[in-house]
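Under the working numbering, think of the first position of the sequence shown as 1, with each following residue one higher.
It is worth saying that the hints were derived from the structure and are not from the lab. One or more of the hints may lead you astray.
Here are the computed distance ranges between Cβ atoms for each label pair [stated by the list, open to error]:
id	residue 1	residue 2	range
1	Asn-358	Pro-261	56 to 66 Å
2	Ser-195	Gly-501	19 to 29 Å
3	Pro-341	Ser-410	27 to 37 Å
4	Ala-360	Arg-133	54 to 64 Å
5	Asp-196	Thr-629	44 to 54 Å
6	Glu-627	Ile-125	56 to 66 Å
Think of the CB as a built atom: it goes at the ideal place given N, C-alpha and C, for glycine as much as any other residue.
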Amino acid sequence: MSSRKQRLDVGPSSSSSAPSTESTKPRKRRFDDISETDYFNNANKSKDFNNMSQANPTINKFTNQNYSHQYFELFKKRRQLPVWEYKEAFMATLDKNQVTVLVGETGSGKTTQIPQWCVDFALAIPVTGGQKRRGVACTQPRRVAAMSVAQRVANEMDVVLGQEVGYSIRFEDCSSQKTLLKYMTDGMLLREAMSDPLLENYSCVLLDEAHERTLATDILMGLLKEVAKQRSDLKIIVMSATLDAGKFQDYFDKAPLLTIPGRTFPVEIFYTPEPERDYLEAAIRTTVQIHMSEEQEGDILLFLTGQEEIEDACKRLQREVEGLGPDAGELKCIPLYSTLPPNLQQRIFDAAPPNKPNGAIGRKVVISTNIAETSLTIDGVVFVIDPGFSKQKVYNPRIRVESLLVTPISKASAQQRAGRAGRTRPGKCFRLYTEKAYKSEMHENTYPEILRSNLGSVVLQLKKLGIDDLVHFDFMDPPAPETLMRALELLNYVAAIDDEGDLTELGSMMAEFPLDPQLAKMVIASCDYSCSNEILSLTAMLSVPQCFVRPNDVRKQADEAKARFAHIDGDHLTMLNVYHAFKQNHEDNHWCYENFTNYRSLKSADNVRTQLGRIMDRFNLKRTSTEFTSPDYYINIRKALVSGFFMQVAHLEKTGHYLTIKDNQIVQLHPSTVLDHKPEWVLYNEFVLTTKNYIRTVTDIKPEWLLSIAPQYYELPSLPDGEARRQLQRIYQRMENKRNGQPTTQR
Numbered sequence: 001m002s003s004r005k006q007r008l009d010v011g012p013s014s015s016s017s018a019p020s021t022e023s024t025k026p027r028k029r030r031f032d033d034i035s036e037t038d039y040f041n042n043a044n045k046s047k048d049f050n051n052m053s054q055a056n057p058t059i060n061k062f063t064n065q066n067y068s069h070q071y072f073e074l075f076k077k078r079r080q081l082p083v084w085e086y087k088e089a090f091m092a093t094l095d096k097n098q099v100t101v102l103v104g105e106t107g108s109g110k111t112t113q114i115p116q117w118c119v120d121f122a123l124a125i126p127v128t129g130g131q132k133r134r135g136v137a138c139t140q141p142r143r144v145a146a147m148s149v150a151q152r153v154a155n156e157m158d159v160v161l162g163q164e165v166g167y168s169i170r171f172e173d174c175s176s177q178k179t180l181l182k183y184m185t186d187g188m189l190l191r192e193a194m195s196d197p198l199l200e201n202y203s204c205v206l207l208d209e210a211h212e213r214t215l216a217t218d219i220l221m222g223l224l225k226e227v228a229k230q231r232s233d234l235k236i237i238v239m240s241a242t243l244d245a246g247k248f249q250d251y252f253d254k255a256p257l258l259t260i261p262g263r264t265f266p267v268e269i270f271y272t273p274e275p276e277r278d279y280l281e282a283a284i285r286t287t288v289q290i291h292m293s294e295e296q297e298g299d300i301l302l303f304l305t306g307q308e309e310i311e312d313a314c315k316r317l318q319r320e321v322e323g324l325g326p327d328a329g330e331l332k333c334i335p336l337y338s339t340l341p342p343n344l345q346q347r348i349f350d351a352a353p354p355n356k357p358n359g360a361i362g363r364k365v366v367i368s369t370n371i372a373e374t375s376l377t378i379d380g381v382v383f384v385i386d387p388g389f390s391k392q393k394v395y396n397p398r399i400r401v402e403s404l405l406v407t408p409i410s411k412a413s414a415q416q417r418a419g420r421a422g423r424t425r426p427g428k429c430f431r432l433y434t435e436k437a438y439k440s441e442m443h444e445n446t447y448p449e450i451l452r453s454n455l456g457s458v459v460l461q462l463k464k465l466g467i468d469d470l471v472h473f474d475f476m477d478p479p480a481p482e483t484l485m486r487a488l489e490l491l492n493y494v495a496a497i498d499d500e501g502d503l504t505e506l507g508s509m510m511a512e513f514p515l516d517p518q519l520a521k522m523v524i525a526s527c528d529y530s531c532s533n534e535i536l537s538l539t540a541m542l543s544v545p546q547c548f549v550r551p552n553d554v555r556k557q558a559d560e561a562k563a564r565f566a567h568i569d570g571d572h573l574t575m576l577n578v579y580h581a582f583k584q585n586h587e588d589n590h591w592c593y594e595n596f597t598n599y600r601s602l603k604s605a606d607n608v609r610t611q612l613g614r615i616m617d618r619f620n621l622k623r624t625s626t627e628f629t630s631p632d633y634y635i636n637i638r639k640a641l642v643s644g645f646f647m648q649v650a651h652l653e654k655t656g657h658y659l660t661i662k663d664n665q666i667v668q669l670h671p672s673t674v675l676d677h678k679p680e681w682v683l684y685n686e687f688v689l690t691t692k693n694y695i696r697t698v699t700d701i702k703p704e705w706l707l708s709i710a711p712q713y714y715e716l717p718s719l720p721d722g723e724a725r726r727q728l729q730r731i732y733q734r735m736e737n738k739r740n741g742q743p744t745t746q747r
């Protein structure tokens, strides 16, 4: 995409001079003039791996049924995709090489078509001696993309989703014995490798959106490089939407490169003259401006950073548009983020509202996280609004804190976002930042996730895969030694690895849970505290988006509703109360609305709990509960929490602020906590970096539990000098005296 840059004033009376643009002509469509019958007949005469090349082109070889009318309609669209011109070249490259690097711009059709061609390639391989036919795996960095693309491809292949085409994401497997093509998150393929180290179930593995350099994709690349040495028949296709393919080629020993241009139209780019103080406010203002003042039809794509922000923007936009009066065109707001259920994700493909009789244009505005940058293509988008931010994981190994921070995007991301406007016709991109910021302040590319993440889970998975020599593992970008050391230290403290760095029996079991090591440890240890049922529910609640809803206009009522569930000991037990109430009220949507809780989050937690329960059953981990009337009911749950999260504890100092143990970080309780007092010792689920250091989701605990449950971490000489250490020393002395039958003196 090439373009001239313009400035944009997003103030109330903005205007700009007409910009000049350079354009990229749309490519000629090679198949446009061929009828279906001619195409099928030609396909039969050539060596064509597509599912058309069979004796009877009207019968679906997967179902042995006649193809539906929808199939033929979709097929016409498929053969107009830019990728179709490169089919023969791709099949020839696939045939001759073990690894292929493919660059295809977003919208070229690579994600939907190439895996289907790989299925045809796999089906052409003879199966001998009762072997199971191997399938095709295509990884996606995001769950939304895995689900959405799988549905689209199932429609294109005229099969039922979950049969020949399926998907697999964390806590949800929509596939079967018949599945030949499975779309999955990169993390799920990594999980599969634990039980199938040579990926024997697959003849082709495609790593899509490799340019995003997620943690799991980077690990998978290293893993596949090793597997390829032992399986010469495995085909690996690395697909990227950006042109930094040289690095992938070098990594895979000079693998061949296939480049597929997209079909892009010119995009005018506008900048703000001054930096925006409030990008959300500016984004809403710009959306309304475009809707009201742009004379050409076309939908709007607005990029925001997360679910809460997106839902807030949808509500605010609806209010703004309602205030414009009956003569204004209808504006339909559609949110898009990773935890949205599949039926709501599909709304992004809905048609825009019709124009009004007075000529006012009806539009849809899709408000999305960066998933719409490259993972999904939304036709009809003509206007893109880019505030220039996304949420990224940032990890500081010195203080062991990983946080999701709103950070500026890279130039590569900005270019991808702008390109979404030129998919079907000339478009406009409104960047809510200055041209100077774009040119001199933004990084060229997004920093690989492996360089900014806590590697505890990754190291545990690598150990489970039998990769012990982490120093010499072939990372594309090796993480800092300090980050690896912190990960090993964490795993050693939670007893997942021994002092030699070898995986323990407990660690092997922990690796089977799709959870962070601390959560996995807590689930397993809860059996010792007779509260595994409750910890299962709590872990599920911690694994889904926030269950409390707090709309701006009814905050007081929402806070009162939350207070009804509040437990005196803190947020974890409050979450448990909510889950129990949800189940007692028969999972009723209306009950959730009345109580300001998120129905989707609670249903999702229920599903997660079921999945985790199955893993527990596999290991014969007993589901137990302490009698509810027992004084130990909540104490046992809190002790089980400590067994996993003893490294995340803070102590209230005499000065009135909290200090984290060992790292001595000054922190405050997050304003969302239900605690109406400041307990002396608290355990926290996460450390939130904003304007202040907050600890969120906290529970009141007893210091003696730390010494009895995690003595290896709370060795007194290793703790920094201070109030916390002195108090633990006194408690330790009392415990020793009691053990030796000596009288203790209270202080």
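*For the range 19 to 29 Å, tell me whether the beta carbons of Ser-195 and Gly-501 fit it or not.*
holds, 23 Å
*Look at the Cβ atoms of Pro-341 and Ser-410 and judge whether their distance stays inside 27 to 37 Å.*
holds, 30 Å
*asked:* Quick check: does the Cβ-Cβ distance between Glu-627 and Ile-125 fall within 56 to 66 Å?
replied: holds, 59 Å
*Do Asn-358 and Pro-261 keep their Cβ atoms within the hinted range of 56 to 66 Å?*
Given about 41 Å between the Cβ atoms, the range is violated.
*Given the hint of 44 to 54 Å, check if Asp-196 and Thr-629 actually sit that far apart at their C-beta atoms.*
47 Å Cβ-Cβ, so the 44 to 54 Å window holds.
*Given the range 54 to 64 Å, decide if the beta-carbon distance of Ala-360 to Arg-133 lies inside it.*
With Cβ atoms ~55 Å apart, the hint holds.
Comparing the model with each numbered hint stated earlier shows that hint 1 is the single one that does not hold.
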